[in-house]
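J.: For this one, chain A is given, so just place chain B on it according to the hints.
One line per chain: the protein sequences are A and B, in this order.
Residue numbering for the first sequence follows the working numbering, beginning at 1 and increasing consecutively.
Residue numbering for the second sequence follows the working numbering, beginning at 1 and increasing consecutively.
If you are wondering where the hints come from, they were derived from the structure by calculation, not from laboratory data.
Some clues are possibly wrong.
Mimicking SDA-like on lysine to any residue, the simulated pairs with C-alpha atoms at most 20 angstroms apart in a straight line are [said to hold, decoys possible]:
no.: 1; chain 1: B; residue 1: K41; chain 2: A; residue 2: A72
no.: 2; chain 1: A; residue 1: K108; chain 2: B; residue 2: P55
no.: 3; chain 1: A; residue 1: K7; chain 2: B; residue 2: V56
no.: 4; chain 1: A; residue 1: K108; chain 2: A; residue 2: S58
no.: 5; chain 1: A; residue 1: K7; chain 2: A; residue 2: M84
no.: 6; chain 1: A; residue 1: K7; chain 2: B; residue 2: R12
no.: 7; chain 1: A; residue 1: K108; chain 2: B; residue 2: R12
no.: 8; chain 1: B; residue 1: K41; chain 2: B; residue 2: L21
no.: 9; chain 1: A; residue 1: K108; chain 2: B; residue 2: V56
no.: 10; chain 1: A; residue 1: K108; chain 2: B; residue 2: Q14
no.: 11; chain 1: A; residue 1: K108; chain 2: A; residue 2: S29
no.: 12; chain 1: A; residue 1: K108; chain 2: B; residue 2: L16
no.: 13; chain 1: A; residue 1: K7; chain 2: B; residue 2: K41
no.: 14; chain 1: A; residue 1: K7; chain 2: A; residue 2: K108
no.: 15; chain 1: A; residue 1: K108; chain 2: B; residue 2: P106
no.: 16; chain 1: A; residue 1: K108; chain 2: B; residue 2: G58
no.: 17; chain 1: B; residue 1: K41; chain 2: A; residue 2: S58
no.: 18; chain 1: A; residue 1: K108; chain 2: B; residue 2: R79
no.: 19; chain 1: B; residue 1: K41; chain 2: A; residue 2: F78
no.: 20; chain 1: A; residue 1: K140; chain 2: A; residue 2: M84
no.: 21; chain 1: B; residue 1: K41; chain 2: A; residue 2: W74
no.: 22; chain 1: B; residue 1: K41; chain 2: A; residue 2: W77
no.: 23; chain 1: B; residue 1: K41; chain 2: A; residue 2: G76
no.: 24; chain 1: B; residue 1: K41; chain 2: A; residue 2: K108
no.: 25; chain 1: A; residue 1: K7; chain 2: B; residue 2: W77
Beyond 10 angstroms from chain B on every Cβ pair, some chain A residues (computed) [said to hold, decoys possible]:
no.: 26; residue: A13
no.: 27; residue: A60
no.: 28; residue: F78
no.: 29; residue: V121
Each residue gets a CB set at the ideal place from its N, CA and C atoms; glycine is no exception.
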Amino acid sequence: MDYLLLKALHITAATVWIGGMVLSGLVLSFAFSPTSGSDHIAPRLLAAAGRWDRLVTSPAMGLAWAAGIGMAVWYGWFSSPWLMVKLAIVIALSALHGMQAGALRRIKSGVNRPLPAVLAVSGPLAIGAVLLIVILAITKPL
Amino acid sequence: MTAQHAVRPIHRPQDLRSLRLASWFEGTTLIVLLFVAVPLKHLGGWPLATSIVGPVHGFAFLFYVWTVTRAVSEGEWSRREIARLFLAAFLPFGAFANRRMLRDRPVNAV
Numbered sequence: 001m002d003y004l005l006l007k008a009l010h011i012t013a014a015t016v017w018i019g020g021m022v023l024s025g026l027v028l029s030f031a032f033s034p035t036s037g038s039d040h041i042a043p044r045l046l047a048a049a050g051r052w053d054r055l056v057t058s059p060a061m062g063l064a065w066a067a068g069i070g071m072a073v074w075y076g077w078f079s080s081p082w083l084m085v086k087l088a089i090v091i092a093l094s095a096l097h098g099m100q101a102g103a104l105r106r107i108k109s110g111v112n113r114p115l116p117a118v119l120a121v122s123g124p125l126a127i128g129a130v131l132l133i134v135i136l137a138i139t140k141p142l
Numbered sequence: 001m002t003a004q005h006a007v008r009p010i011h012r013p014q015d016l017r018s019l020r021l022a023s024w025f026e027g028t029t030l031i032v033l034l035f036v037a038v039p040l041k042h043l044g045g046w047p048l049a050t051s052i053v054g055p056v057h058g059f060a061f062l063f064y065v066w067t068v069t070r071a072v073s074e075g076e077w078s079r080r081e082i083a084r085l086f087l088a089a090f091l092p093f094g095a096f097a098n099r100r101m102l103r104d105r106p107v108n109a110v
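The following block holds chain A by itself, in its conformation from the complex (with noise of 0.2 angstroms):
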């Protein structure tokens, strides 16, 4: 496949996964709200953001994996140490989904117990580890 096809695809499915963790922060963000708490997130509200982190942002999140794995590999990217930066970026922001993920189930299942106080920011976290990715991958400083 084209290295830029594959830069495109990686971008897109990346843009797609994170853009669903902004949601999902936003979700569970009212779980720690001073005058609600979990058991005022609408059950629909729930179940959509549930469906959609299952049926759209996971697999975004696989296919950027995939792609960006596929674009390392293409370009031998492997052995510069910007990489290994963004890769250990990456993998806190896996982790940070999963979290994000198992937290909306939990909920869901109506188990009243308090989430990791990182869930409460987990949206604008996202979006500063995109920030630190997208200049990595631009300016390549290391």
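T.: Below, chain B alone, put in the same frame as chain A:
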């Protein structure tokens, strides 16, 4: 113990299946990478082996990290179990050492 803490969220069978699958996939590709591809590269002069297996293992590792964090976030896991799940990704045969733990995990019958 309050009613709130008496509830132990348990996973649906398909959730634990995906965790077991991710564990098996990551563990297997790690073993193939370390004991087949790397020797082929350094001893057999065939670097293509790591070029193929390496990326596959990379994808498997990402999938495993994601699956584990999802499962840990969703359910109740002890610190020891969480540590075992994460350490397994870095140790040859670690994934297979966790098989029993994952197999014996209670599931939601619904």
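J.: Each of the hints needs a verdict: does it hold here or not?
T.: Now the hints, each set against the structure:
| no. | hint | verdict |
| --- | --- | --- |
| 1 | K41(B) / A72(A) | 19 angstroms, holds |
| 2 | K108(A) / P55(B) | 35 angstroms, violated |
| 3 | K7(A) / V56(B) | 18 angstroms, holds |
| 4 | K108(A) / S58(A) | 18 angstroms, holds |
| 5 | K7(A) / M84(A) | 18 angstroms, holds |
| 6 | K7(A) / R12(B) | 36 angstroms, violated |
| 7 | K108(A) / R12(B) | 13 angstroms, holds |
| 8 | K41(B) / L21(B) | 28 angstroms, violated |
| 9 | K108(A) / V56(B) | 33 angstroms, violated |
| 10 | K108(A) / Q14(B) | 16 angstroms, holds |
| 11 | K108(A) / S29(A) | 15 angstroms, holds |
| 12 | K108(A) / L16(B) | 18 angstroms, holds |
| 13 | K7(A) / K41(B) | 28 angstroms, violated |
| 14 | K7(A) / K108(A) | 36 angstroms, violated |
| 15 | K108(A) / P106(B) | 19 angstroms, holds |
| 16 | K108(A) / G58(B) | 32 angstroms, violated |
| 17 | K41(B) / S58(A) | 34 angstroms, violated |
| 18 | K108(A) / R79(B) | 24 angstroms, violated |
| 19 | K41(B) / F78(A) | 16 angstroms, holds |
| 20 | K140(A) / M84(A) | 11 angstroms, holds |
| 21 | K41(B) / W74(A) | 18 angstroms, holds |
| 22 | K41(B) / W77(A) | 19 angstroms, holds |
| 23 | K41(B) / G76(A) | 16 angstroms, holds |
| 24 | K41(B) / K108(A) | 49 angstroms, violated |
| 25 | K7(A) / W77(B) | 38 angstroms, violated |
| 26 | A13 | 13 angstroms, holds |
| 27 | A60 | 13 angstroms, holds |
| 28 | F78 | 8 angstroms, violated |
| 29 | V121 | 15 angstroms, holds |
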